[in-house]
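Q: Listed below, chain by chain, are the residues.
There are 2 protein chains.
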Amino acid sequence: METKNFDFFAYLKRKAEKVEKVLTEFFPQPKGYGGRVVEAASYSLSAGGKRIRPVLCLASCEVVGGRDEDVLFFAAGIECIHTYSLIHDDLPAMDDDDFRRGKPSCHKAYDEATAILAGDGLQSLAFWFFTHPEQVKRVSKSALLKAIHLISQAVGFEGMVGGQMADLLMEGKKAGLKILKWIHLHKTVKLIEASVLAGALLAKAKKKELQALKSYAKHLGMAFQIVDDLLDVIGDEKKLGKKNLSDLKKQKLTYPSVVGLEKTRELAEIHTQKAISALEPFGEKAIPLRAMAEFVLKRVY
Amino acid sequence: METKNFDFFAYLKRKAEKVEKVLTEFFPQPKGYGGRVVEAASYSLSAGGKRIRPVLCLASCEVVGGRDEDVLFFAAGIECIHTYSLIHDDLPAMDDDDFRRGKPSCHKAYDEATAILAGDGLQSLAFWFFTHPEQVKRVSKSALLKAIHLISQAVGFEGMVGGQMADLLMEGKKAGLKILKWIHLHKTVKLIEASVLAGALLAKAKKKELQALKSYAKHLGMAFQIVDDLLDVIGDEKKLGKKNLSDLKKQKLTYPSVVGLEKTRELAEIHTQKAISALEPFGEKAIPLRAMAEFVLKRVY
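From first to last, the protein sequence lines are chains A and B. The letter at position 19 of the first sequence is residue 19 when you use my numbering, and the numbering goes up by one with no holes. The letter at position 47 of the second sequence is residue 47 when you use my numbering, and the numbering goes up by one with no holes.
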């Protein structure tokens with residue numbers, strides 16, 4: 001399986017545009033007396049995210065033989081959840097970040113109350129997309145309910161929310177690799193895993209396919225978060241859109257702070273390799289998913 | 001239809017206990033490094049709410065011939081959404097209330113970040129309950145997906161979140177009855193309406209039954225919010241659990257501040273009567289729903 005002749009960026013753009021179309025067309029209008037919160041949510045949603053998670057959902061659907069059209073609303077909902085989590089993470093009471101992707105974060109562009117509500121509304125909107133009639137009519141209802149159940153767990157107390165809580169609690173404390181891994185697994189990996197599994201579930205994946213994709217997603221997610229930690233130290237400020245070393249300044253627990261830079265790079269490579277290995281059963285069909293893993297790693301080189 | 005010989009409080013207790021059982025049994029354990037957020041959510045969830053919304057869901061299911069057992073997980077999820085909205089409403093950036101039901105509000109008992117995350121996790125948990133295998137196996141999957149779609153819209157930008165945004169924007173401003181109605185409709189009524197409609201949908205209600213229940217829920221919800229506004233002026237501080245006049249102090253838009261006390265009482269009665277009238281097609285079976293409407297009104301006498 002080679003990705004040399006595969007234009008990953010064209011692929012990413014093509015898939016992301018499909019999700020974008022649904023998001024744009026079906027996003028609520030900022031009408032009524034509470035329109036400000038829709039504007040704020042829309043501001044953050046269109047702040048230049050690469051749509052990695054929804055594209056993973058589409059790519060995973062594709063690798064088991066499904067069609068993009070059958071999971072577009074689900075993928076749009078996934079991006080709403082991701083955006084809600086970024087808005088809330090940036091709040092003064094949380095990570096207190098004034099910038100996100102080079103633009104003022106939601107509570108800076110609007111205000112704190114509006115940002116809290118924008119995040120809340122985006123989470124509701126995600127489940128609205130998941131259960132949209134256009135989504136419901138295209139897949140097995142049973143699989144759809146399973147996918148929603150899976151994702152609601154992945155982003156809740158036993159997933160993303162629990163991970164963010166632990167991350168905040170560990171600020172300024174000494175902790176080892178075990179805790180760091182737990183935090184990343186919950187804060188970042190579970191949503192990535194659920195995005196991949198949902199795409200496959202909706203395309204009627206077999207049990208073995210789900211297992212392989214779960215392993216792929218887990219390692220991809222770990223690599224993703226480790227690379228994110230690395231970029232916080234070595235990354236280009238403009239590209240990342242927030243000040244370098246911001247995590248270090250906040251004394252966040254990160255891979256470089258726990259195991260050092262060299263070991264961090266090594267771990268990113270190991271997880272990327274494991275993610276790619278997990279794709280073997282799919283052969284050539286898995287080139288896009290493989291390219292995604294390579295792309296994640298390339299961000300640090 | 002008479003409610004004289006109907007013991008509404010026994011009914012409320014019986015139904016609420018069934019929901020309680022599911023909530024207690026299936027609520028996540030505060031394990032792992034992020035357990036604090038589960039504790040905080042649990043603290044707010046068990047702070048003594050009357051479980052009006054989930055009981056409405058059960059009662060509405062019952063009036064069209066359904067069984068409690070078929071909507072218990074759904075009803076549990078509804079209470080999670082209601083609790084999340086209270087936690088976020090109380091935050092310093094929002095209504096800034098230090099007390100709720102006579103106890104310190106979540107961000108006072110814990111802290112702001114934990115309270116934001118507790119609310120976020122409760123919203124995710126609601127959708128986890130809605131799609132729990134125990135719920136899925138008991139009802140039509142198509143009806144369940146419709147009910148989730150309905151409720152996700154009712155609590156999002158075009159419902160509760162939009163209403164809370166407008167409520168905040170109107171603080172300290174002069175505004176008329178039209179805006180006040182809009183705010184209450186979105187902030188309070190839509191979730192009550194969705195709770196009633198979901199119960200009926202899951203019990204395979206006919207179109208005409210849904211229409212009648214929608215009208216009932218709308219007027220019940222309006223009466224509920226108007227009474228809440230009244231209690232803020234005339235209510236017993238202990239019973240309500242927050243300081244009297246707190247909304248007036250914050251210059252919130254309320255019925256008494258816009259139309260005066262007498263007209264407010266009159267409107268509460270009119271909406272209660274309209275709610276009761278909408279129940280006519282159901283005859284004796286609607287006694288619990290009628291008693292609920294009478295109970296809401298009685299809170300101010």
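Simulated from the structure, these hints should not be mistaken for laboratory data. Any given hint could be a false lead.
Because identical chains cannot be distinguished in the list, a pair is counted as satisfied if it fits within a single copy or across any two copies.
Result set (PhoX-like, lysine-lysine): computed pairs, CA atoms no more than 25 Å apart in a straight line [said to hold, decoys possible]:
id: 1; residue 1: K21; residue 2: K103
id: 2; residue 1: K137; residue 2: K204
id: 3; residue 1: K137; residue 2: K207
id: 4; residue 1: K206; residue 2: K137
id: 5; residue 1: K31; residue 2: K178
id: 6; residue 1: K206; residue 2: K141
id: 7; residue 1: K252; residue 2: K31
id: 8; residue 1: K141; residue 2: K204
id: 9; residue 1: K174; residue 2: K18
id: 10; residue 1: K108; residue 2: K173
id: 11; residue 1: K204; residue 2: K146
id: 12; residue 1: K181; residue 2: K31
id: 13; residue 1: K206; residue 2: K50
id: 14; residue 1: K146; residue 2: K173
Q: Cα distance capped at 25 Å. Does K146 pair with K173 within a copy, between copies, both, or neither?
A: neither (38 Å within a copy, 46 Å between copies)
Q: How would you label the pair K206, K141 (within, between, both, or neither) given a Cα cut-off of 25 Å?
A: both (17 Å within a copy, 22 Å between copies)
Q: Go through the copies and call it for K141 and K204: within, between, both or neither, with a Cα cutoff of 25 Å.
A: both (11 Å within a copy, 17 Å between copies)
Q: How do K206 and K50 come out at 25 Å by Cα distance, when the copy is not named: within, between, both, or neither?
A: Result: close neither inside a copy nor across copies, 29 Å intra and 45 Å inter.
Q: With 25 Å as the alpha-carbon cut-off, assign the pair K137 and K204 to within, between, both or neither.
A: Classified as both; 15 Å inside a copy, 19 Å across copies.
Q: First find the shortest C-alpha distance between K21 and K103 inside one copy, then the shortest across copies, and answer within, between, both or neither for a cut-off of 25 Å.
A: Close inside one copy (23 Å), not across copies (46 Å); limit 25 Å.
Q: Give the relationship of K137 and K207 under a CA distance limit of 25 Å: within one copy only, between copies only, both, or neither.
A: both (23 Å within a copy, 21 Å between copies)
Q: Treating 25 Å as the Cα threshold, decide for K181 and K31: within, between, both or neither.
A: Answer is between: at 16 Å across copies they meet the 25 Å cutoff, but 43 Å inside does not.
Q: How do K204 and K146 come out at 25 Å by Cα distance, when the copy is not named: within, between, both, or neither?
A: Intra 11 Å, inter 22 Å, cutoff 25 Å: intra and inter.
Q: Checking K31 and K178: alpha-carbon separation at most 25 Å within a copy, between copies, both or neither?
A: between (48 Å within a copy, 15 Å between copies)
Q: Given identical chains, is K252 near K31, meaning Cα to Cα at most 25 Å, within a copy, between copies, both, or neither?
A: between (40 Å within a copy, 21 Å between copies)
Q: Between copies, within a copy, both or neither: which fits K108 and K173 at Cα up to 25 Å?
A: Only across copies: K108 and K173 sit 23 Å apart there, 28 Å inside one copy, limit 25 Å.
In terms of the numbered hints stated before, the structure departs from hints 9, 13 and 14, listed from lowest to highest.
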